[in-house]
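Chains as they are written, first to last, in this note's numbering: chain A, 520 to 619; chain B, 520 to 619; chain C, 520 to 619; chain D, 520 to 619; chain E, 520 to 619; chain F, 520 to 619; chain G, 520 to 619; chain H, 520 to 619; chain I, 520 to 619; chain J, 520 to 619.
To be clear, the hints were calculated from the coordinates, so they are not data collected in a lab. Treat each hint with caution, since some may be false.
[Claimed, not checked] Simulated DEER-style distance windows between Cβ atoms:
#1 E:591 to I:613: 22 to 32 Å
#2 F:593 to G:578: 19 to 29 Å
#3 B:546 to H:555: 39 to 49 Å
#4 G:544 to F:614: 35 to 45 Å
#5 E:591 to H:589: 44 to 54 Å
#6 B:533 to H:555: 33 to 43 Å
#7 A:611 to H:592: 32 to 42 Å
#8 A:538 to I:530: 26 to 36 Å
#9 B:546 to F:610: 23 to 33 Å
#10 F:593 to H:614: 46 to 56 Å
#11 J:535 to A:543: 18 to 28 Å
#12 H:589 to A:538: 42 to 52 Å
#13 H:589 to J:535: 46 to 56 Å
Everything numeric in this text was worked out from a predicted model, so none of it was measured. Cβ atoms here follow ideal geometry from the backbone N, Cα and C, with glycine treated the same way.
There are 10 protein chains.
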Amino acid sequence: MEFLVNIRIKWPEGMSAQELERISVEERHKARELQASGHMVRMWRVPGRRENWGLWRAADATELHAKIASLPVFPFMDVTVHPLAWHPVDPTRPAEIDAC
Amino acid sequence: MEFLVNIRIKWPEGMSAQELERISVEERHKARELQASGHMVRMWRVPGRRENWGLWRAADATELHAKIASLPVFPFMDVTVHPLAWHPVDPTRPAEIDAC
Amino acid sequence: MEFLVNIRIKWPEGMSAQELERISVEERHKARELQASGHMVRMWRVPGRRENWGLWRAADATELHAKIASLPVFPFMDVTVHPLAWHPVDPTRPAEIDAC
Amino acid sequence: MEFLVNIRIKWPEGMSAQELERISVEERHKARELQASGHMVRMWRVPGRRENWGLWRAADATELHAKIASLPVFPFMDVTVHPLAWHPVDPTRPAEIDAC
Amino acid sequence: MEFLVNIRIKWPEGMSAQELERISVEERHKARELQASGHMVRMWRVPGRRENWGLWRAADATELHAKIASLPVFPFMDVTVHPLAWHPVDPTRPAEIDAC
Amino acid sequence: MEFLVNIRIKWPEGMSAQELERISVEERHKARELQASGHMVRMWRVPGRRENWGLWRAADATELHAKIASLPVFPFMDVTVHPLAWHPVDPTRPAEIDAC
Amino acid sequence: MEFLVNIRIKWPEGMSAQELERISVEERHKARELQASGHMVRMWRVPGRRENWGLWRAADATELHAKIASLPVFPFMDVTVHPLAWHPVDPTRPAEIDAC
Amino acid sequence: MEFLVNIRIKWPEGMSAQELERISVEERHKARELQASGHMVRMWRVPGRRENWGLWRAADATELHAKIASLPVFPFMDVTVHPLAWHPVDPTRPAEIDAC
Amino acid sequence: MEFLVNIRIKWPEGMSAQELERISVEERHKARELQASGHMVRMWRVPGRRENWGLWRAADATELHAKIASLPVFPFMDVTVHPLAWHPVDPTRPAEIDAC
Amino acid sequence: MEFLVNIRIKWPEGMSAQELERISVEERHKARELQASGHMVRMWRVPGRRENWGLWRAADATELHAKIASLPVFPFMDVTVHPLAWHPVDPTRPAEIDAC
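Modelling step: build the complete structure from the supplied sequences, incorporating the hints.
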């Protein structure tokens, strides 16, 4: 199942530049891992903001939560999950969806 | 440039089933055309609603408007466009984005 | 997977009492069918409103949409779907959730 | 009477990991107690968020408040209570509701 | 249990003055009945608007819904129900509430 | 004139338990005083929240402000005032309101 | 007591130009009457909109409602009333307000 | 003085294609007139919507209202006006603004 | 040109009573100055809140900003400006407005 | 492509006057640079607020983000980007837009 996920990041005020750098490096490593496993499919930046839209894949909401919560930046994220259904005109849909 | 587009459809109350069917058929034809030209990349249904999320590609907002406005259902659509920037961890990003 | 679904019903202004009665009877039949198949688990009325909260079960958002859209009142419904994940303290959770 | 309760948790910034662990353990004990007494019926996690939806049972809003306020995490919770009425198609409704 | 209820009235556009008068007369009769039975305790008008705030009493949300839905104007009402708990400083509270 | 007043309380993060206890005691004394003078008529707790609804009486908005601002918790309150007009079906209305 | 009143006007779709002209003339007559009686103190247009802000004076919310409801355009108005208290720095305040 | 103006257009449901064409032609003529007089400085389309952002110039809000209300589409427009002040870094600002 | 201005004040948490007193005294002096110069015409308190509505006069939005920003409390204010146009029924309007 | 950009600035509470002055000077230098390169076209102050509206030009949302993020005040900004399409009546539009 696919999910459209909006993530807004709000760093705590007192965080040092080193701590922020360390978490950012870990975040990128974890992101590559989630891409390799097929959970994080696409990721876009909202221009001008510390916010992104992502296309995620997971068996269900429980697995999706576990994957998002595994990100090092998770404690500083405000996450909104939009569940997605197959659309009859989506070019990548399986054949049986046409009949819906 | 990519755009995340949310479309809510509100059919006018008096529309006949035939008219609705005719427009829906035309809509699917137009959608296939926009997929073939690379403008409509993905399309998802919001479960339980006459609403979809789509990933669109266009040279700029002017071309995007022309493509969306060419849809037969356009007069009945409430459209919200979210401009998207490349994200450094997106798996499909061009190499030069890594340096941002 | 479980979903919390909020449904607001808005009858069109000109609908006759007979048409409304006919649809309501069909709606109850369909609701019983969805309960028998395990898709509609619980249903509550929001006091004072033509609105309900429901606990639904479906394989994914695509099946959920198909089930909701099969209701005779669907054309008059404004539906909001909240995807639900297992919570570690839920009394009905499977044993493996405790480890999350 | 049943209530649908949405709870968002916001930990204070300076809380130590030990303090957080201590409160979390106490919270799970209290939750089991509320389940055993029949007040906390179901509990779901909102994916990606420190937020849950719960189905609660209490004699009235006063008892519900007392039960929610007894949770160790209560000082850090933003709670919204939705009162629920029996719905004529709910599969668990008492027989006399059918006549409404 | 007490409930704070906000009611906004929106008359349908084509309603005749006679029909509106007939419903208004029936509404006042029904309101007196609900006051006599102790369900409608207080009623205030929001200045400048076709909207009121009311203090209602009912065994639970199901009875409250039945009472509100019995009003002749119900089909034209947008109702929001706020469940109320006893407050320790309320001058009319029962003695046992002081201990909460 | 009557006013419906919604009050949300937000304690500052660093307040000690003693300071909070001291203010709470003073608050209850002041509340009794306002009830004796007829300004605070009813007070309800919003279940699950540090929030209340109150029915207040004052000559006008200036006196109402003075009374609310005299509460010891005032610096930590977010207050919303709803002015109320007599409603023709209110059971406690003066006789001359019936003619409106 | 003074009130800040926001009024948005929404003419019904089928109203004839003559009907609209007739109501507008009556509205201006009534407005002059309310100014002469000291209830309508100031009136401003929100630029670009069928909306105004007005400064009104009335004994209380009940009188204010009666005055607003006497306007011929009232059935087509969406009204929001803001109760106003004297401010210590207002240049027109009575002397005793300085002490607040 | 400059104003940022957002205009959303909502055509009435029953309008004929001819009537819509006639108004649109008149609108473009009027728009050119307002550009020649220096009142309508820039005009942008919100992609996917019947909505525009415009940069307008007028002596004050009264003149701005008169100019916007002179547009043939005005009866079908929902207009929001944002007043603008000179910004010290604006490249077109007059010299005396630098000192602010 | 007149402006309706809403100001919400939020004092920073750590401010001492002396500092607050000093700023408040300076604020009243500055307010009298702005009244003498005709910029601050009226000022009302929103009951129960640290918020006011004011009627201001200025040549344009740039002068209005300079006057509001000159207030000692400005760093702690959340300000919303509503531009106002003359209304044909305003009792203080100049004669030429009647013709609009 | 043009973008309408709204920027709200929120300085952190503890920032010293010197630090704020240093960042402000750097901000003005950077702004002039962005004007010289044609990215920052116009800039307006929202009266009474630490907020501005700007007209920006960039190849796409990725370049726009890079330019906005290069501002020294960026860590303290809340930015909202509105993508803009050419409007047929804009006086500065290229000739080929007339045909849309």
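Results of checking the hints against the structure:
Checked against the hint of 22 to 32 Å, the pair residue 591 (chain E) and residue 613 (chain I) fails, with Cβ atoms roughly 50 Å apart. Checked against the hint of 19 to 29 Å, the C-beta distance between residue 593 (chain F) and residue 578 (chain G) comes to roughly 27 Å, which is consistent with it. Evaluation of the 39 to 49 Å hint for residue 546 (chain B) and residue 555 (chain H) yields a pass: the beta carbon distance comes to about 41 Å. Here the CB-CB span from residue 544 (chain G) to residue 614 (chain F) is close to 36 Å, well matched to the stated 35 to 45 Å.
Between residue 591 (chain E) and residue 589 (chain H), the C-beta spacing of about 46 Å keeps the proposed range 44 to 54 Å intact. Restraint check, residue 533 (chain B) to residue 555 (chain H): a C-beta distance of roughly 42 Å satisfies the suggested window 33 to 43 Å. Taken as a hint, the range 32 to 42 Å holds for the pair residue 611 (chain A) and residue 592 (chain H), whose Cβ atoms sit roughly 41 Å apart. As the Cβ distance of residue 538 (chain A) to residue 530 (chain I) is approximately 31 Å, the hint placing it in 26 to 36 Å holds.
Checked against the hint of 23 to 33 Å, the C-beta distance between residue 546 (chain B) and residue 610 (chain F) comes to roughly 57 Å, which is inconsistent with it. The given range of 46 to 56 Å is respected by residue 593 (chain F) and residue 614 (chain H), whose C-beta atoms sit roughly 48 Å from each other. Between residue 535 (chain J) and residue 543 (chain A) the C-beta distance comes to about 27 Å, which sits within the given range of 18 to 28 Å. For the pair residue 589 (chain H) and residue 538 (chain A), the supplied restraint of 42 to 52 Å is violated, since their beta-carbon distance comes to about 59 Å.
Separated by about 52 Å at the C-beta atoms, residue 589 (chain H) and residue 535 (chain J) satisfy the suggested range of 46 to 56 Å.
In the structure shown, a violation is registered for the earlier hints numbered 1, 9, 12, in ascending order.
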